[in-house]
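**Q** Listed here are the chains, written in short residue letters.
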Amino acid sequence: MKKLILGLVGVVAFTLAAGPQAEAQQPKRGGNFNFAISAETPHYDCHASDTYATLHFSSPFHSTLLRYNLSKFPDVEGDLAKSWTISPDKLTYTFTLHEGVKFHNGETFTSADIKATYDRLRSPPQGVVSTRRATFADIESIETPNPTTVVFKLKAVNSSMMDHFASPWNCVYSAKDLAADPTSPRTKINGTGPFTFVEHVKGSHVSGKRNENYFKKGLPYLDSYRGIFTLQAAAMLNALQGGQVLAEFRGVSPAERDRMVAAMGDKLRVEESSWTLNLLVLFNTEKPPFNDIRVRRALLMAIDRWGGSQGLSKISTLRAVGGVVRPGSPLATPEAELVKLPGFSKNIKQAREEARKLLKEAGHENLKFVLWNRNLAMPYTPAGVFLVDQWRQIGVEVEHKQSDTAPYIAAMQSGNFEVAIDFSNLFNDDPTLSMTKFISASKNPLNLSRANDAEIDKLYELQLREGDIQKRKQYIQALEKRLFEQAYQQPILWWHRIVLSHRTVMGWKMSPSHNLGADLAEVWLNQ
Amino acid sequence: MLTYTLKRLLLTIPTLIGVAVLVFFMLRIVPGDIVEVKLRGDGGNVTQEVVDAERKRLGLDRPLLVQFGDYMWGLARGDLGISMWTERPVIEEILIRLELSLEVAILATIFATLISIPLGTAAALFRNTWIDYVVRIVTIGGLSIPSFWFGMIIIVSLLTLFNWLPPITFTPIYVDPVANLSQLIWPALAVGYRYCAVTARMIRSSLLEVLAEDYIRTARAKGVYEKLVVSRHALRNALLPAITVMGLEFAFLIGGLVVTEQVFNLNGIGQLFVQSVSRNDFMLIQGMVIMIAGFYVIINLVVDLLYAVFDPRIRYGN
Chain B
1 MKKLILGLVG VVAFTLAAGP QAEAQQPKRG GNFNFAISAE TPHYDCHASD
51 TYATLHFSSP FHSTLLRYNL SKFPDVEGDL AKSWTISPDK LTYTFTLHEG
101 VKFHNGETFT SADIKATYDR LRSPPQGVVS TRRATFADIE SIETPNPTTV
151 VFKLKAVNSS MMDHFASPWN CVYSAKDLAA DPTSPRTKIN GTGPFTFVEH
201 VKGSHVSGKR NENYFKKGLP YLDSYRGIFT LQAAAMLNAL QGGQVLAEFR
251 GVSPAERDRM VAAMGDKLRV EESSWTLNLL VLFNTEKPPF NDIRVRRALL
301 MAIDRWGGSQ GLSKISTLRA VGGVVRPGSP LATPEAELVK LPGFSKNIKQ
351 AREEARKLLK EAGHENLKFV LWNRNLAMPY TPAGVFLVDQ WRQIGVEVEH
401 KQSDTAPYIA AMQSGNFEVA IDFSNLFNDD PTLSMTKFIS ASKNPLNLSR
451 ANDAEIDKLY ELQLREGDIQ KRKQYIQALE KRLFEQAYQQ PILWWHRIVL
501 SHRTVMGWKM SPSHNLGADL AEVWLNQ
Chain G
1001 MLTYTLKRLL LTIPTLIGVA VLVFFMLRIV PGDIVEVKLR GDGGNVTQEV
1051 VDAERKRLGL DRPLLVQFGD YMWGLARGDL GISMWTERPV IEEILIRLEL
1101 SLEVAILATI FATLISIPLG TAAALFRNTW IDYVVRIVTI GGLSIPSFWF
1151 GMIIIVSLLT LFNWLPPITF TPIYVDPVAN LSQLIWPALA VGYRYCAVTA
1201 RMIRSSLLEV LAEDYIRTAR AKGVYEKLVV SRHALRNALL PAITVMGLEF
1251 AFLIGGLVVT EQVFNLNGIG QLFVQSVSRN DFMLIQGMVI MIAGFYVIIN
1301 LVVDLLYAVF DPRIRYGN
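Top to bottom, those sequences are chains B and G. Taking this note's numbering, the leading residue of the first sequence gets 1, the next gets one more, and so forth. Taking this note's numbering, the leading residue of the second sequence gets 1001, the next gets one more, and so forth.
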């Protein structure tokens, strides 16, 4: 054990020390890079997807208008956009595009392709799915005054617009392809990305080779790559240890990291970051006794997040305590403020006494209920077990029911549950997307707590339309306070991302989201 | 024999129709919606409008009987439909994986046959000697150790001893036999051990029974060489129950290697089955159940026909 810990410390220390120096080395061109993808995309259409499986598959083939600068996350930088301006009223976004960009089929990329792409995203034609339709509802018009300029006009100020433009799922497709068949991106790949498509063997792998006409000169460094689907973590780790894959970019658990460190020593690079994912506990506010705020609040107050974080972070991907925005990110509520909110007190003894009183007042001292959870080992199972134990300590008896994704979602959508563990899968720190879950259920069926709260709706809209960052932060914190006081739903803990790769893999950048940085353009092999 | 075979083949049609009807309606009772899993399973904030549009696009908004009618009509034309997850033909999804699963099953069968027949025979002929005890220990081990665990032991051993792992992507045998075998020989070994143990024990007990029969005593009394008694008179009869077991095991291996496939990262039918169940991909599940039922029916037929080869007294059609 001691050897393992020393090894781990050594490897992490080595990573931190050697990282920048290693990155400063002159990149080498060539080589084939095998990496693991732990899920397989059902189709190739980024616009119809919300899963990293599509991004880890499709990103190397496509470009986006903007993207995140992973060295300075969450700053945004241009991808196909060379530069941009935003009008003083924040209603007009003008982008100047790179010239000489070619699609893989040889066609020249122009502003018409951006327009066709965003028209498809905001107003998908018959037979096309766009999961980001609501995201771009504020776009009034898209104009293309010349082949290298595109102008977006908004109906109203949207403080999240730049983040929406930088979404990795906004793959730019050819206007000609979309005109011929708007559904073609589901099954065909024709992008402007650093790699061209070679093959997709269902259930096995996807492969690509260098796009010799890529518009970013000198990139990509790799000759080719192969993304191998390894659906089981154990198989992926074995493949990593055996050198059949050199990296996996979603993330592993602390136990898996420790196993690999012990097995591979300094051949392994370990990179860690906070993660833009969290698990939430939510109550079905339509089901008694969870229609009683005292019961909901008591259950939130009984959770020792600060203590739980220490234990759970050793065995699971759960770690940071935070509110509705990723802890440590610019819009997050500082810890000093967070501890004042129900469910975040550091004095857990006192909080649990209050919780017992609330349950007694509500007439539910011997409360029993079923906690619904997904049947996924990491980190859903430890989170569920943790909650059951926390509630046991105030005399509440909980049955932990874990089910497959399909029946779980069916129960959530139909309201056939009492208490559940939900999750937020985000790609950035902008809270608009994550807070959509909290808008009144009458306006948004995605609010699984089924609560209706006009105050939350008002604060959501205010933060969305506010151009001033400080004022926006105040609205977000007010919304968070309201949400936690009413105890409809609340993050349990935020995830911690651990990425493993062989030391020979260079140029890949760690970020708080596994949905970002998957295009492999700057990855090279130090062999 | 030909008439019998044709009759049996024709009987597969109502069997498969029964399976199709049963599976179609049973799957509709299971809670869950593939569209929800597809669009919201990874935390997607998609609107209900998008979910409804996708359901309509996939034809899931139509009355159940209309969907059933469409499905059965497709089946009658040999069309298993389209996977609702990947939107590719079900037959295409299955065929990609079938080659691998079939090859593992065949390799495991070869391994099991080559080992189990001499092992089971030796155990029976040298009953209650050290040979019998060794065979019994080895076979009990095969029955007790789960195949996936044995697979994990194989992988860990290969990694630890040779710092080597079998390839994790499939190469067809006609493209590169070495790469193909170096990947599939290990899972075949892992599942073949259990297969071999079941068959060897069956051969041992069956052979012991046959060796006590009157006609064996008669053959010995007539002065027939012991080798001939065993190989011509005893073993052929003793193999009949073993063939049944081997047939069932082979059919099981086509779709039943769920965990072993996961351990070796094999892109086989078992893994596809689990994925399609977890996603509620009804069309794909139906297609696979029908395919596996078809395999069972055909393998049973082959086993019945093999009976006639091993036992000349059995004559079908008379």
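Incorrect hints may appear among the rest.
[To be verified] A short list of chain G residues far from chain B (calculated; beta carbon distances all over 12 Å):
no.	residue
1	1158
2	1212
3	1225
4	1293
5	1294
[Said to hold, decoys possible] Think about it this way: if two alpha-carbon atoms lie no more than 27 Å apart in a straight line, the pair counts; the simulated BS3-like pairs of lysine-lysine are:
no.	chain 1	residue 1	chain 2	residue 2
6	B	82	B	509
7	G	1056	B	188
8	B	443	G	1056
9	B	115	B	155
10	B	216	B	509
11	G	1056	B	202
12	B	349	B	314
13	B	471	B	458
14	B	360	B	481
Since the hints were made in silico from the structure, they are not lab data. All C-beta atoms in this analysis are idealised placements derived from N, C-alpha and C, irrespective of residue type, glycine included.
**Q** Look at each hint and say if it fits the structure.
**A** Verification of the supplied hints:
no., hint, result
1, 1158, "8 Å, violated"
2, 1212, "48 Å, holds"
3, 1225, "52 Å, holds"
4, 1293, "22 Å, holds"
5, 1294, "21 Å, holds"
6, B/82 / B/509, "21 Å, holds"
7, G/1056 / B/188, "23 Å, holds"
8, B/443 / G/1056, "22 Å, holds"
9, B/115 / B/155, "17 Å, holds"
10, B/216 / B/509, "18 Å, holds"
11, G/1056 / B/202, "26 Å, holds"
12, B/349 / B/314, "23 Å, holds"
13, B/471 / B/458, "14 Å, holds"
14, B/360 / B/481, "24 Å, holds"
When each numbered hint is compared with the structure, a violation occurs for hint 1 only.
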